[in-house]
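Colleague: Protein sequences, first through last, are from chains H and R.
If you count the first sequence from 1, position 483 lands on 483 in our numbering, and the numbers rise without skipping.
If you count the second sequence from 1, position 15 lands on 15 in our numbering, and the numbers rise without skipping.
For the record, the hints were derived by calculation from the structure and aren't laboratory data.
Remember, predicted model here, so these are calculated numbers, not experimental data.
Calculated cross-link-like contacts (lysine-lysine; reagent style DSSO-like; alpha-carbon spacing at most 27 Å):
#	chain 1	residue 1	chain 2	residue 2
1	H	373	R	15
2	R	47	H	373
3	H	512	H	645
4	H	17	H	7
5	H	640	H	416
6	H	391	H	216
Below are the chains, spelled out letter by letter.
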Amino acid sequence: MNGYAGKILRIDLTDRKISTIDTMDYEQWIGGHGMGSGIFWDLVKDKTIKGFDPKNVITIMTSPLSGTLVPGASARTEVQGIGVQSSPIEWFTRSNFGGRFAPMLKYAGWDGIVIEGKADKPVWVDIRNDNVRIRDAQHLWGLDTWKTQEEIWREVSGRGYGKWVELDSEQRTTQQPAVLTIGPAGENLARVACLIHDAGHSAGQGGFGAVWGSKKLKAVSVIGTGAVQVTDPKGLMEARLWAQTKYSLDLENMGASWGSRFGRIRPQNVFWERHERARLQACVGCHQGCKERSDTGSGNESTCEETSFYQGYDKWKHGGRQTSAAYIATDLLQRYGINAYEASKGLVYITALLRMGVLGPRGKIQCDLDFNKLGETEFAEQFLRMTAYRKGIGDDFAEGFFRAARRWGRLEEDSKTGILPYSYWGLPEHGYDPRAEVEWGYGSILGDRDINEHDFSTLFFLPSRAIWAGRTPQPPAEQVVKIIAEKLVPYENNPLMLDYGTENIYSEHMAKLVAWHRHYTRFWKESVLYCDERWPDFINTRIPHYRGLTGEGEPRFFNAVTGKKFSFADGMDLGRKIWNLDNAIWTLQGRHRNMVHFSDYIYHVPYTGSGNFARYYLPGREGGEWKYIRVNGRCLDKGKFEEFKTRFYNLEGWDTRTGWPNRRTLESLGLKSVADELEKNKKLGAR
Amino acid sequence: MKMGKLRGPSSDLSKRILTQIDFEHRLEGLSLREQAGAQTIWMYSLKEVVSLLDAPQPCLDFKELENWI
Chain H
1 MNGYAGKILR IDLTDRKIST IDTMDYEQWI GGHGMGSGIF WDLVKDKTIK
51 GFDPKNVITI MTSPLSGTLV PGASARTEVQ GIGVQSSPIE WFTRSNFGGR
101 FAPMLKYAGW DGIVIEGKAD KPVWVDIRND NVRIRDAQHL WGLDTWKTQE
151 EIWREVSGRG YGKWVELDSE QRTTQQPAVL TIGPAGENLA RVACLIHDAG
201 HSAGQGGFGA VWGSKKLKAV SVIGTGAVQV TDPKGLMEAR LWAQTKYSLD
251 LENMGASWGS RFGRIRPQNV FWERHERARL QACVGCHQGC KERSDTGSGN
301 ESTCEETSFY QGYDKWKHGG RQTSAAYIAT DLLQRYGINA YEASKGLVYI
351 TALLRMGVLG PRGKIQCDLD FNKLGETEFA EQFLRMTAYR KGIGDDFAEG
401 FFRAARRWGR LEEDSKTGIL PYSYWGLPEH GYDPRAEVEW GYGSILGDRD
451 INEHDFSTLF FLPSRAIWAG RTPQPPAEQV VKIIAEKLVP YENNPLMLDY
501 GTENIYSEHM AKLVAWHRHY TRFWKESVLY CDERWPDFIN TRIPHYRGLT
551 GEGEPRFFNA VTGKKFSFAD GMDLGRKIWN LDNAIWTLQG RHRNMVHFSD
601 YIYHVPYTGS GNFARYYLPG REGGEWKYIR VNGRCLDKGK FEEFKTRFYN
651 LEGWDTRTGW PNRRTLESLG LKSVADELEK NKKLGAR
Chain R
1 MKMGKLRGPS SDLSKRILTQ IDFEHRLEGL SLREQAGAQT IWMYSLKEVV
51 SLLDAPQPCL DFKELENWI
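When you get a sec, could you build the whole thing from the sequences and use the hints?
Modeller: See the structure below:
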């Protein structure tokens with residue numbers, strides 16, 4: 001079946017009806033995000049509904065590559081639907097997680113799951129190959145995400161590992177089911193609630209945990225004994241060997257891979273001090289592993305911001321020494337099912353309010369958190385618990401800190417000063433500030449969420465780290481820009497797309513970079529589901545000329561699995577089509593170009609002030625020469641950003657007055673019915 | 001080279017240095033990470049400064065730190 005299982009599971013929680021969708025009905029979208037958007041478009045007739053509306057549809061999609069041996073592409077699962085986190089509109093949005101859920105779903109014979117309606121009491125979905133049941137979850141409701149999974153594992157496969165689970169007389173396995181679940185935060189409709197799988201794989205953004213909670217859906221469990229059929233197994237293995245011998249970590253000369261994303265010496269994406277005894281933990285099919293499991297049993301599988309959320313507080317509380325508090329706080333985050341970025345930025349924000357004297361004992365905003373314990377496990381437990389259960393001021397925290405600021409009457413002031421660092425759609429800024437890393441900020445505000453796509457992070461980290469350490473960055477800016485520009489099909493060989501100088505960041509060149517990024521990620525990373533940790537591979541230091549495998553690698557693996565003859569450019573075209581469909585959905589939800597703007601501080605407060613401490617470098621031209629230029633101290637110009645939007649809408653073929661897709665563009669992409677629907681709703685772009 | 005003998009700070013100075021300060025007088029720094037980007041860090045005590053300096057790739061202006069202290 002060319003990587004496909006052939007059917008998508010459709011579950012109506014209201015009527016407790018289980019049915020199937022033929023995957024081939026949506027094959028034009030390939031998988032993942034594209035398929036999810038296509039299904040959402042068809043099933044949700046009224047796109048103006050809110051996230052908690054029972055008519056909201058949640059899609060949980062895999063790709064043809066899920067469950068195969070494609071490196072860094074086997075394990076991602078794409079979640080979509082109307083979220084509850086963004087503001088002023090609860091956008092149709094997405095999230096994504098790794099682990100073993102997607103492969104297991106494929107092994108059970110499903111390409112995805114579509115959740116509709118709302119149960120009248122708590123339920124969980126039990127998938128054992130073709131046998132699917134909606135089961136009572138009263139006994140699971142109230143449990144944290146880990147206990148829920150343990151309970152489901154016990155019910156499906158008994159305790160312990162290595163025991164045979166009989167799915168029927170001819171199907172048995174020693175695997176535990178893969179479970180995706182919500183914790184107390186989701187049950188209590190906290191808009192900062194996540195979906196959690198295993199110990200630390202989370203779909204964090206969008207508040208999908210709360211959407212599940214509103215549907216009374218506690219968990220989805222899947223166990224399968226099948227396999228994924230690959231069209232060209234020999235071609236796939238040859239591609240793996242090609243990628244391994246040429247681009248992945250060179251075990252004979254590991255130092256050469258110092259700057260490669262595809263294969264590197266230290267692949268763990270963890271920010272706390274690592275455990276003394278821990279081993280790498282990889283998602284199914286991954287050739288690297290960015291997580292860890294330790295002999296202490298704490299902090300397992302968490303990565304990135306989850307591991308950063310509390311370790312700074314822990315260290316300063318304990319004289320610069322990290323204790324177990326950092327790990328335990330992260331585990332609590334996962335167990336309650338709370339979005340790490342909201343918790344992290346929120347904690348910074350309320351600490352600032354405390355120091356300003358507006359929150360806590362001296363302030364107007366009553367808060368019974370004991371800040372003397374900040375850095376101790378006890379504080380983390382109190383903070384996360386009150387958020388998950390909406391206790392006291394936790395009821396405000398659970399709304400997300402943007403809405404909390406509004407409740408406290410501080411939104412306008414704190415958005416102006418930047419004390420509330422929520423730069424787009426009421427969502428926390430990531431660490432790639434729109435005033436510096438403009439393609440990240442532009443992509444987020446022209447989309448639906450913090451993009452969290454690190455495709456160009458090398459451009460910042462490579463020079464900034466080297467200069468921080470007193471070294472001359474290698475390779476030099478001109479070479480880096482040339483290599484990447486060659487790969488930016490269909491806008492290839494235009495280095496000005498990567499000029500982050502202030503004169504260039506509102507230009508059509510930058511509009512092309514943003515468009516390229518939206519189209520690349522919509523298809524290759526969110527539909528085919530190449531993992532953000534390992535793809536794209538632009539600059540690979542293992543190769544003498546530094547040219548990574550991106551451009552060649554993506555279609556080579558994809559074609560080996562599916563038997564299609566896709567070029568990299570074909571994928572970019574399809575990415576543009578998916579991006580247009582998403583924009584049509586946002587248009588029907590109420591988007592207009594007038595609301596596409598950043599939070600006030602982005603236009604008024606210079607990035608990192610005028611501080612000499614700041615070392616944020618990106619490529620740019622000075623006097624016609626390529627350099628790594630320092631981009632601190634600038635803010636965006638509101639008028640020029642409006643001009644940028646016009647250039648971007650023009651480039652996409654949308655109405656520059658409204659930002660809405662127009663008929664000509666949609667029809668050229670094969671989306672006539674979408675144009676008809678927009679026209680029916682008086683939302684079709686005019687030109 | 002002859003090294004001068006460091007005197008311990010006066011109890012008044014050490015008390016002031018270890019005091020937690022308000023928002024207006026905070027010290028700002030950055031912590032650079034590839035995946036999380038550049039995280040702005042606000043510091044309200046010397047202990048927090050020490051903690052930042054112990055982190056990977058901390059960015060802090062020492063002149064500003066001197067003035068701040």
